[in-house]
Amino acid sequence: DAGVTQSPTHLIKTRGQQVTLRCSPISGHKSVSWYQQVLGQGPQFIFQYYEKEERGRGNFPDRFSARQFPNYSSELNVNALLLGDSALYLCASSLAAGGYEQYFGPGTRLTVT
Amino acid sequence: AQSVAQPEDQVNVAEGNPLTVKCTYSVSGNPYLFWYVQYPNRGLQFLLKYITGDNLVKGSYGFEAEFNKSQTSFHLKKPSALVSDSALYFCAVTSGTYKYIFGTGTRLKVLA
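Quick note, the sequences are listed as chains A and B, same order.
Per our numbering, the first sequence starts with residue 537, numbered consecutively.
Per our numbering, the second sequence starts with residue 7, numbered consecutively.
One or more of the hints may lead you astray.
[Said to hold, decoys possible] A few chain B residues that face chain A, going by a derived Cβ cut-off under 7 Å, partial list only:
| no. | residue |
| --- | --- |
| 1 | Y45 |
| 2 | R48 |
| 3 | G49 |
| 4 | L94 |
| 5 | Y104 |
| 6 | F108 |
| 7 | G109 |
| 8 | R113 |
[Said to hold, decoys possible] Below, computed lysine-lysine pairings styled on PhoX-like, alpha-carbon distance capped at 25 Å:
| no. | chain 1 | residue 1 | chain 2 | residue 2 |
| --- | --- | --- | --- | --- |
| 9 | B | K115 | B | K75 |
| 10 | A | K566 | B | K115 |
| 11 | A | K566 | B | K105 |
| 12 | B | K105 | A | K588 |
| 13 | B | K83 | B | K115 |
[Unchecked claim] Now the in silico label distances, taken between C-beta atoms and shown as ranges:
| no. | chain 1 | residue 1 | chain 2 | residue 2 | range |
| --- | --- | --- | --- | --- | --- |
| 14 | B | N47 | A | F605 | 40 to 46 Å |
| 15 | B | K75 | A | E590 | 17 to 23 Å |
| 16 | B | T58 | A | S609 | 40 to 46 Å |
| 17 | A | I548 | B | K115 | 28 to 34 Å |
| 18 | A | T556 | B | P46 | 24 to 30 Å |
If you're looking for bench data, these hints aren't it; they were derived computationally from the structure.
Ideal placement from N, C-alpha and C gives every residue a C-beta, glycine not left out.
Isolated chain B, as found in the complex (with noise of 0.2 Å):
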């Protein structure tokens, strides 16, 4: 069965330090695994995929994320963190079927 744990319910960092927001998953098969941002009362909004390839993915808005096959892990992260990148964040994996699963999320906190 696939499933996703994102372990943090929430992340606290200064403005202008890294970030890492963490995943780790269970597929059977290839893994393909995605990051989503999901700002408040809106829809959840695609910031990067990894299917294959370079292990480092980068996405939309300075963010990239590391793929670890033996950790089985997909974390999120981002050399220098913005206020604006406040928001909360979905981890979600799929084998290549139909079915997407997402993780409960980790709200990330950024302070000025």
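With the rest of the complex left out, here is chain A (with noise of 0.2 Å):
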């Protein structure tokens, strides 16, 4: 079985754009998380969906959004980019929410410039 794709693998912006990242789960996987991850530092939660609705959200500016559509895929949306959001971003499946271990895709790096 294919594990979590994410695309793209790198992305560079200018300040004050607006960036769309994309994850695609492990088959039969219902549940997604973001992760936001700066070097030297541990992945920090974004947001979780399950079943297409989000069931929380980490400390994250409004600026951040996400979605989930009826085939578990799903968007992380950031507008109004600032230099603070260069960081690899990981998207990770589970067969549902709250206490099933996490598999995470490769991630995609953002750079913001």
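Put the two chains together into one complex, using the hints given.
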């Protein structure tokens, strides 16, 4: 089975622009979570979606939004990009929400200049 | 509030020696505990988890972890380290809700 896939792999944007990152979960997984990982730190939780509904949100500004589609894939949108948004964005899928192990994609490296 | 502490930024161990990577946690209610490994420019790979039951859990690549409720610890262990085990290791905890909290990571360096 294919693992979690993310696109694009790398992205360079300018301050103030908007970006959309995409994620396809492992087949059969209904939950997708998004994380931001800054160099030298652990992943920081942004969102979790389960059965197309937002189940939780981390301490990120409203510039960050996400959605989950009927096929359980997901998009993360970030508006009005700041230099500080430069990071590795990780998507993780799990069978369901709450207590299950998560399987991570390779990430999207976002650089904001 | 949930939190995870990995007190060591880096652990060095000689190949063939046992290794331990430390993790302590704080969570309301019963913890769900996980270890992940991250290789350079890669996403995180799941190693093992503790939800309930035996305090010693076994995972991938010969790794195991010991849950200690009284010390709120979940240390990662391996009896004999390999050079290929060199990577960044993350401990994570959740109380069974949507939010997973990750530690800051411990870089393991296995010396040949």
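Hints and how they fare:
1. The interface hint given for Y45 (chain B) is violated, since its Cβ lies 10 Å from the closest Cβ of chain A, which is over the 7 Å cut-off.
2. Taken as an interface hint, R48 (chain B) checks out: its beta carbon lies about 6 Å from the nearest beta carbon of chain A, inside 7 Å.
3. With a least beta-carbon distance of about 4 Å to chain A, the hint placing G49 (chain B) at the interface is held under the 7 Å criterion.
4. Given hint, L94 (chain B) at the interface with chain A, is violated; its Cβ is 9 Å from that chain's nearest Cβ, farther than 7 Å.
5. Because the smallest distance between the Cβ of Y104 (chain B) and any Cβ of chain A comes to about 3 Å, under 7 Å, the interface hint for this residue holds.
6. Taking 7 Å as the C-beta contact cut-off toward chain A, the hint placing F108 (chain B) at the interface holds, the least distance being around 4 Å.
7. With 7 Å as the threshold, the beta carbon of G109 (chain B) comes within range of chain A, its nearest partner Cβ sitting at about 5 Å, so the hint holds.
8. Taking 7 Å as the C-beta contact cut-off toward chain A, the hint placing R113 (chain B) at the interface is violated, the least distance being around 10 Å.
9. The straight-line distance between the Cα atoms of K115 (chain B) and K75 (chain B) is roughly 28 Å, outside the 25 Å bound, and the hint therefore fails.
10. A C-alpha spacing of about 36 Å is found between K566 (chain A) and K115 (chain B), which places the hinted pair above 25 Å, so the restraint is violated.
11. Straight-line distance between C-alpha atoms of K566 (chain A) and K105 (chain B) comes to about 16 Å, which keeps the hinted pair within the 25 Å bound.
12. With a C-alpha separation of about 17 Å, the suggested pairing of K105 (chain B) with K588 (chain A) holds against the 25 Å cut-off.
13. Distance hint between K83 (chain B) and K115 (chain B) is fulfilled; the C-alpha atoms sit about 14 Å from each other, no more than 25 Å.
14. Between N47 (chain B) and F605 (chain A) the C-beta distance comes to about 28 Å, which lies outside the given range of 40 to 46 Å.
15. Distance hint check: the CB atoms of K75 (chain B) and E590 (chain A) are about 32 Å apart, inconsistent with the given range 17 to 23 Å.
16. As the Cβ distance of T58 (chain B) to S609 (chain A) is approximately 32 Å, the hint placing it in 40 to 46 Å is violated.
17. Checking the proposed 28 to 34 Å range against I548 (chain A) and K115 (chain B) shows it holds: the Cβ atoms sit about 32 Å from each other.
18. For the pair T556 (chain A) and P46 (chain B), the beta carbons lie near 26 Å from each other, so the given range of 24 to 30 Å is met.
Violation of the numbered hints given earlier is confined to hints 1, 4, 8, 9, 10, 14, 15, 16; the remaining hints are satisfied by the structure.
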